[in-house]
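Chemist: Which chain is which? The protein sequence lines are A and B, in order.
When the letters of the first sequence are read in order and numbered with the numbering used here, they come out as residues 1 to 301.
When the letters of the second sequence are read in order and numbered with the numbering used here, they come out as residues 1001 to 1238.
Treat the hints loosely; a few may be bogus.
[As the list claims (entries may be wrong)] With beta-carbon atoms standing in for the labels, derived distance ranges:
hint: 1; chain 1: A; residue 1: Lys3; chain 2: B; residue 2: Thr1115; range: 48 to 54 Å
hint: 2; chain 1: B; residue 1: Pro1113; chain 2: A; residue 2: Asp271; range: 26 to 32 Å
hint: 3; chain 1: A; residue 1: Glu287; chain 2: B; residue 2: Asp1014; range: 23 to 29 Å
hint: 4; chain 1: A; residue 1: Glu132; chain 2: B; residue 2: Cys1023; range: 51 to 57 Å
hint: 5; chain 1: B; residue 1: Arg1167; chain 2: A; residue 2: Leu93; range: 41 to 47 Å
hint: 6; chain 1: A; residue 1: Ala245; chain 2: B; residue 2: Gln1122; range: 51 to 57 Å
[As the list claims (entries may be wrong)] Not everything, but these chain A residues come out facing chain B in the computed CB check (under 7 Å):
hint: 7; residue: Pro44
hint: 8; residue: Gly114
hint: 9; residue: Val256
hint: 10; residue: Leu258
hint: 11; residue: Glu259
hint: 12; residue: Val270
[Stated by the list, open to error] Just a sample of chain B residues kept apart from chain A, beta carbon distances all over 10 Å, derived:
hint: 13; residue: Arg1022
hint: 14; residue: Ala1049
hint: 15; residue: Ser1085
In short, the hints are calculated from the structure, not lab data.
For glycine and all other residues, C-beta sits at the position ideal for the given N, C-alpha and C.
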Amino acid sequence: MEKESQAFEKLYPQEFLQRFLAKGLRPDGRGLTSARDVTVHVSPISGSPGSAIAKVGNTTVVTSAEVSLLDLGGDEGDDDEGRVSHALDVGPLGATHNDGSVAKTRQQVASVSGRVQGVLSRCVDLRSLKLEGEGGKAWLVGLKSVCLSLDGGLFDAALASCVAALSSLRLPGEVREVVGGGEGRESSEAVVAMEEDRAPSRPVDFLLIPAATAVSIHGDRLLADPTAFEEALAGAEVSAAWGWAPSGGGGDPELVSLEVRSEGHGRATVDADVVHRCLAVSRRRSEARWKGRCLGGAERA
Amino acid sequence: MEVDEACERAGGRDYLELRASRCEVGIAGCGSGKVEGSVRLSSGRTAVAVEVKGPESSPSGAPTKPTAGRDGLLVTVRSIVRPISGLAGEREQDLESKVVSFVEGILDPSCPPRTTVTVVVQILSEDGSLLATILNATAVALVEAGVPLFGSPVAVSIAVADSGTPRVRLDPDLREESTCELVGTYAYLFVTEGDQTGASVVQASSMGRSSAETAMLALATAEKAAEAVFHSRRGGEE
């Protein structure tokens, strides 16, 4: 019986999925608009200044954060701020197909990575990354994510692991510049001092805490947080990233990023009404994720 | 939509006015036989050149899309985006991915299966609304190449400023994009059946902090603008 159902799934995936959807269920037993839980482990990599692993179902993304100095160029303008950069690597570990082909192309991965970087650049207080004093320097926070396994929801998991990695990151309190060379030329590198008895390290300031949930559209049904199987069969997908104020206390979240993709040609007609419904579902699920996630992991050194 | 007394946009443009656009078709020349559709489109100071090849037979061993066996699109779409200078970086790869999903969303099912359509984009100059210009040029190039499309695609670019009352601007230039909070590109497909014309979203991507209502407002404005462009095109053809 088990083999027959697996064969049916391989040969007629659309019908296989429709049988579940007709009953208001999905192949993994979830309801149509329920999302998988996000599990986050903070600081699994002891050698890295900040790191986190986020698991959304079978999708696992590990992110490591590091800081380096950015030269702002000397002229102190009003919008001198630091930067957050992100790189994502899916590679062979993220393959879910028997023929070994990678589930996401290089371009799709670049698209996800660019989106994460855009969201984080707007959610992190970049002005707080600017260093006090002369010299016009700011922190460049570099995030590198690796996807260890992929089962849909790559953007959601990557964003969650980056936020957790940033929350565990500590910016060094003091920077000393080393004057190098016999000629007394100022070295362009700066030595970062992390001595315990000097200025204490500070965490990264967030303007908004982001969380995202993707919603895929199958006919006239909305599926929240689709797995790779459901993603491949979807007629369209709406992915929204929301941001909540760090002080908590409820209130409406802000929409930070929105992506709508449709397969077109009659398989899915996406209009403003559908997008509105998807946004409502995405917001509810993202709120549950944001509240459920323990940002108190920031207290762990 | 009321018009502000002091128009702050460059060139005295209205808030909901597109920049002047120029379209040249067939620039690559058919003699070489390699490029089937080529167009150079400029919107204001943003200019792109797009060449389309296909549908041509996929080389054996080309990666077939892992579609879990569905009977949807069997045409592979490849895209290359070249920057003005230097090597293509992550931003160009992101644009490639958007072009691929745009083309996949507008291809007609009558397109021969197991073929490849290649879209090559060369960015000539940039002054905001780059993705919308690329998508519009791609659509024209596909029509020029004779690739069957399901309808008429139109892409527009919207920026919403963050000062109190959301000020929605159509077709922002680079300065407006960097100062406005929400910037988005929206691509619509207009399908005419008899007398009815239906619009559906092919692709929408927006980045920037805003309330959900503002985002829906931008979406609605984009749809109206795309509809206006579509009707003006149709009016121009008759």
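Chemist: May I ask you to test the hint 51 to 57 Å on the CB atoms belonging to Glu132 of chain A and Cys1023 of chain B?
Modeler: Given a distance of about 52 Å, which is inside 51 to 57 Å, the answer is holds.
Chemist: Taking 23 to 29 Å as the stated bounds, is the beta-carbon spacing between Glu287 of chain A and Asp1014 of chain B within them?
Modeler: Cβ of Glu287 of chain A to Cβ of Asp1014 of chain B: about 39 Å, so the range 23 to 29 Å is violated.
Chemist: Tell me if the interface restraint on Pro44 of chain A is satisfied: Cβ within less than 7 Å of some Cβ in chain B.
Modeler: violated, 26 Å
Chemist: Under 7 Å, Cβ to Cβ, is where Val256 of chain A needs to be relative to chain B, so tell me if that hint holds or is violated.
Modeler: holds, 5 Å
Chemist: Going by Cβ atoms only, is Val270 of chain A closer than 7 Å to chain B?
Modeler: At about 4 Å, which falls below the 7 Å cut-off, the nearest Cβ of chain B leaves the hint on Val270 of chain A intact, so it holds.
Chemist: With 10 Å as the threshold, tell me whether Ala1049 of chain B passes as away from chain A on beta-carbon distances.
Modeler: Answer for Ala1049 of chain B: holds, closest chain A Cβ roughly 20 Å.
Chemist: Does 48 to 54 Å hold as the CB distance between Lys3 of chain A and Thr1115 of chain B, or does it fail?
Modeler: violated, 35 Å
Chemist: Please verify that hint: Leu258 of chain A, Cβ, nearest Cβ of chain B, below 7 Å or not.
Modeler: holds, 5 Å
Chemist: Against chain A, does Arg1022 of chain B keep a CB gap of more than 10 Å to every residue?
Modeler: holds, 28 Å
Chemist: Do Arg1167 of chain B and Leu93 of chain A keep their Cβ atoms within the hinted range of 41 to 47 Å?
Modeler: holds, 46 Å
Chemist: Does Glu259 of chain A meet its interface restraint, that is, does its C-beta lie within less than 7 Å of any C-beta in chain B?
Modeler: This interface hint holds because 5 Å falls under the 7 Å limit.
Chemist: Quick check on the hint: Gly114 of chain A CB to chain B CB, less than 7 Å?
Modeler: holds, 5 Å
The structure fails to meet hints 1, 3, 6 and 7 from the earlier list, while all remaining hints are met.
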